[in-house]
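Enquirer: Now for the letters of each chain:
There are 2 protein chains.
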Amino acid sequence: MTALFFTRALLPTGWAHDVRVTIADGRIAAVTPGTQPEPGDDRHAIAFPGLANLHSHAFQRGMAALAETAGPNDDDFWSWRETMYRFVLTLDPDQIEAIAAYAFAEMLESGFTTVGEFHYLHHQPDGAPYANRAELAERIAAAASASGIGLTLLPVFYAHGNFGDAPPSPRQARFLNDLDGFAALLDGCRRAVSGLDTAVVGVAPHSLRAAAQAEVAAVAALAPDGPIHIHAAEQVREVADCEAATGLRPVEFLLDRIGIDARWTLIHATHLTAGETRRLAASGAVAGLCPVTESNLGDGIFPAADYLGAGGRFGIGTDSNILISAPDELKAIEYIQRLKYRARNVLAPKGGSTGRRLFDGALAGGAQALGLGAVGIAPGARADLVTLQAGHPSLALAQGDGLLDAWIFAGARIDRVWRAGRQLVAGGVHRDRPALEARYRKALQPLA
Amino acid sequence: MTALFFTRALLPTGWAHDVRVTIADGRIAAVTPGTQPEPGDDRHAIAFPGLANLHSHAFQRGMAALAETAGPNDDDFWSWRETMYRFVLTLDPDQIEAIAAYAFAEMLESGFTTVGEFHYLHHQPDGAPYANRAELAERIAAAASASGIGLTLLPVFYAHGNFGDAPPSPRQARFLNDLDGFAALLDGCRRAVSGLDTAVVGVAPHSLRAAAQAEVAAVAALAPDGPIHIHAAEQVREVADCEAATGLRPVEFLLDRIGIDARWTLIHATHLTAGETRRLAASGAVAGLCPVTESNLGDGIFPAADYLGAGGRFGIGTDSNILISAPDELKAIEYIQRLKYRARNVLAPKGGSTGRRLFDGALAGGAQALGLGAVGIAPGARADLVTLQAGHPSLALAQGDGLLDAWIFAGARIDRVWRAGRQLVAGGVHRDRPALEARYRKALQPLA
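In order, the protein sequence lines correspond to chains C and R.
Quick note, in the numbering used here, the first sequence goes up one by one and the last residue is 450.
Quick note, in the numbering used here, the second sequence goes up one by one and the last residue is 450.
Be aware that a few hints might be false.
One copy or any two copies: either way a pair holds, since identical chains are not told apart in the list.
[As the list claims (entries may be wrong)] Here are the simulated lysine to any residue pairs, SDA-like style, with alpha carbons at most 20 Å apart: (1) Lys342 x Ala214; (2) Lys444 x Gln391; (3) Lys444 x His394; (4) Lys352 x Ser81; (5) Lys342 x Ala242; (6) Lys352 x Thr24; (7) Lys444 x Gly73; (8) Lys342 x Asp330; (9) Lys352 x Arg192; (10) Lys444 x Arg239; (11) Lys342 x Ile303; (12) Lys342 x Glu84; (13) Lys352 x Asn75; (14) Lys352 x Gly16; (15) Lys352 x Pro35; (16) Lys352 x Pro74; (17) Lys342 x Ala307; (18) Lys342 x Ser81; (19) Lys352 x Asp362; (20) Lys352 x Asp308.
Keep in mind that the hints were calculated from the coordinates and are not lab data.
Just so it is clear, the structure is predicted and the values come from calculations on it, not from any experiment.
So here's chain C without its partners, still in its complex pose:
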């Protein structure tokens, strides 16, 4: 039994003072506010729960900022994707594991205690499966173990190059499975995470481009309780292609032809009509927002004010991992709306803090999306905890929810992070950062 004591802590009921938290088997056993520390308690100042990073392609951390040079023609998501495909072809399992382990450590440093790895890189560069079909899933699990982060592994089904069962390109060869192959992969993924203390396995039909309607349904049926993730409506061209092929926009298609509910997370969902916005909000599904990547890729603006106003659930993801930062993702959701509407505190309830609204939404939506069960600083929840550096000047005048505002908007910094009761970050630095950095650099050296 470990005991932590916090001067201030964000509980499900709000901020409380002098909170003692006991932990057993990685979960919170008891939470006692308004009490005294006991001898031996590990004492800290300001605590809140760790967040879920609901959408990551860990290997893309290795190409961060390598696509910021303009090509000969106008650049967009699709030209970026070609750069990414070239990078994919260069990576071997050791490199993928090293990149993922470092990226996961950065996530922990940023306040994420669980990652949803949208895992679509399965095979050898020529498309042949590894001798162990789940070789790369095992590497992701090993990276999670090395970093200590909680993992929800989302093996991806990818079969086609575009709508209408268009053949995949050779550059997509590492991603492909038929349904039998995918079922075998899924079994392998379940074995891959069996050694981790807290892992969930879901499924992810990549997108309506890459999976036909029957395939989406078949893949979803493999995870009857979820989580089920799918990319949707990230790009206007994708929306147009979907309409041309099916007569429906991607989110309409998912709502009408597949049927989505709280088991589902729609990644991006950037381009929504007003009707789609209302219906997606009512579906109980989570919108997986990745605004840093969506900015970098030029995806467009998610209708956050309308969607949240309709009661829509959301979480945040670092996606391409161009920059791994929980506060940057939360901030970007709000700032993009402020620019759009030329207003402030757009997503906050009247009298409420913007930071708290974003944090609460991402905490609940992320947990739903990654199948985490109870979260928060409450008995029974996993002991995923974050503290701030209490002396940081940005906290000098902050109280209550203002502590979250200071973290999200004004650069207040994380001190400690615990995942399942294990302290992995102190002073804002992952305990194994030097070794994970060295391994990352060594892994990428052949590509330099």
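Mind docking chain R on chain C? Use the hints.
Expert: Here is chain R on its own, set in the frame of chain C:
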């Protein structure tokens, strides 16, 4: 004579290897690429010039993230301004100096080696001048000295509450001067900075709201060689009020009635017609972009692609200091355009790096705006230099301009910063951070 040696350095001619830089009297004496280090040289890996932060209200750092709670009505720039006015009334000279010194240290840590302080807080809370009319200017100069940052002090002329010579509100009492008072203040500002090794004094008619046409002209005449700064077209209501009062939009008014040229910096210039965009670009003036603050305040989207396409000059400023980060300002200029146009590398020239384009523009425009003369790693320029932490994983595959992309977009970190040849930052931390933090916290304690 000090000598630095860099494995890679960004010179005016581009990236060079094995560069020896000698420094005398705070300026660069010689730059020798492709050479060997000499015994005693201070050796580092990756260097580029320090940037100018062309627009700061230092005291606002003390209220960072204190206005992120929604009020009873819809929030916008104007409701934020009321919060700021209340904060203004609480501050005494010691507090203002402590906040500024800490904010300036954060600027240095972020890669800014000079700050343009748009200094409008002059008097006691009731509006009475201090015994020394330039008391608060002296505090800003003292803060610059304590932090070591280069200072361009821009004393602000503020006389009216809105267009049409509307009377100021009591909450604006600390800002006000008539022209005689301003001339006396300006003399005091020149004395205040006389003890600093590198300081420039310009003038700043606050805005067309706060200064009538004749006053803008009179204030500008007090700095015949510049720099002259003015807020313009930050808010749509300001544009509408200006049109109602004068028949012209703010930037039109400045172009047609005042006449602006390379001595001028228009802060924000957010809301421009296509014609204003072209004419402002052609004027030789600098657009002072503060996209982090402009996002926080919900100002709107500056037409960066059109303006840069027309050859417009720009620099960056941290303005409200809600977050002090050079890479965040540069990145936001580009990311907002990517969201608007749903494209990538919007501001980069064909085949060129986005980061380099932003960096070069902000380096040149910032220097022009702050009256700095020659900048860059070149003989005769002030020795304002920044290095990156060479081992950071984000640099593993970065070459040439990709180093700037990695800093701006992918979280590569600053190691050292020199201003006028003095090393002020190492390991990303200002050498006096603990003392400056403690002083900041102590100064704000009475407000907690």
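Enquirer: Would you mind marking each hint as holding or not holding in the structure?
Expert: Cross-check of the supplied hints:
1. Taking identical chains as interchangeable, the C-alpha atoms of Lys342 and Ala214 are never at most 20 Å apart, the minima being 35 Å within one chain and 31 Å between chains.
2. When the C-alpha separation of Lys444 and Gln391 is checked against a cutoff of 20 Å, the pair qualifies only between copies, where the shortest distance is 17 Å, while the shortest distance within a copy is 32 Å.
3. In this assembly of identical chains, the alpha carbons of Lys444 and His394 lie at most 20 Å apart only when taken from different copies (12 Å versus 34 Å within one copy).
4. Within a single copy, Lys352 and Ser81 get their C-alpha atoms only as close as 42 Å, which misses the 20 Å cut-off; across copies the closest is 14 Å, which meets it.
5. Taking identical chains as interchangeable, the C-alpha atoms of Lys342 and Ala242 lie at most 20 Å apart only when they sit on different chains, with a minimum of 18 Å there against 23 Å within one chain.
6. In the homo-oligomer, the alpha carbons of Lys352 and Thr24 never lie at most 20 Å apart, since the shortest distance is 35 Å inside one protomer and 58 Å across protomers.
7. Taking the shortest alpha-carbon separations for Lys444 and Gly73, neither the intra-copy value of 29 Å nor the inter-copy value of 52 Å comes in at or below 20 Å.
8. Both within a single protomer and between protomers do Lys342 and Asp330 lie at most 20 Å apart by alpha-carbon distance, with minima of 18 Å and 19 Å respectively.
9. In this assembly of identical chains, the alpha carbons of Lys352 and Arg192 never lie at most 20 Å apart, being 45 Å within a copy and 46 Å across copies at closest.
10. In the homo-oligomer, the alpha carbons of Lys444 and Arg239 never lie at most 20 Å apart, since the shortest distance is 38 Å inside one protomer and 55 Å across protomers.
11. In this homomeric assembly, Lys342 and Ile303 come within 20 Å of each other (Cα to Cα) both inside a single copy, at 9 Å, and across copies, at 8 Å.
12. In this homomeric assembly, Lys342 and Glu84 never come within 20 Å of each other (Cα to Cα): the closest approach is 30 Å inside a single copy and 22 Å across copies.
13. When the C-alpha separation of Lys352 and Asn75 is checked against a cutoff of 20 Å, the pair qualifies only between copies, where the shortest distance is 7 Å, while the shortest distance within a copy is 46 Å.
14. In the homo-oligomer, the alpha carbons of Lys352 and Gly16 lie at most 20 Å apart inside one protomer (17 Å), although the nearest pairing across protomers, at 52 Å, exceeds that limit.
15. For a Cα distance limit of 20 Å, the shortest separation of Lys352 from Pro35 qualifies neither inside one copy, at 27 Å, nor across copies, at 59 Å.
16. In this assembly of identical chains, Lys352 and Pro74 lie within 20 Å of each other by CA distance solely across copies; the values are 6 Å between and 48 Å within a copy.
17. With identical chains, the CA atoms of Lys342 and Ala307 are at most 20 Å apart both within one copy (10 Å) and between copies (17 Å).
18. Taking the closest pair of Cα atoms, Lys342 and Ser81 come within 20 Å of each other only across two copies (18 Å); inside a single copy the shortest separation is 26 Å, beyond that limit.
19. For the identical chains of this complex, Lys352 and Asp362 are intra-copy neighbours only, at 16 Å inside a copy versus 43 Å across copies, given an alpha-carbon limit of 20 Å.
20. Taking CA atoms no more than 20 Å apart as the test, Lys352 paired with Asp308 passes inside one copy only; the shortest distance there is 16 Å, against 37 Å between copies.
In this structure, the earlier hints numbered 1, 6, 7, 9, 10, 12, 15 are contradicted, and the remaining ones agree with it.
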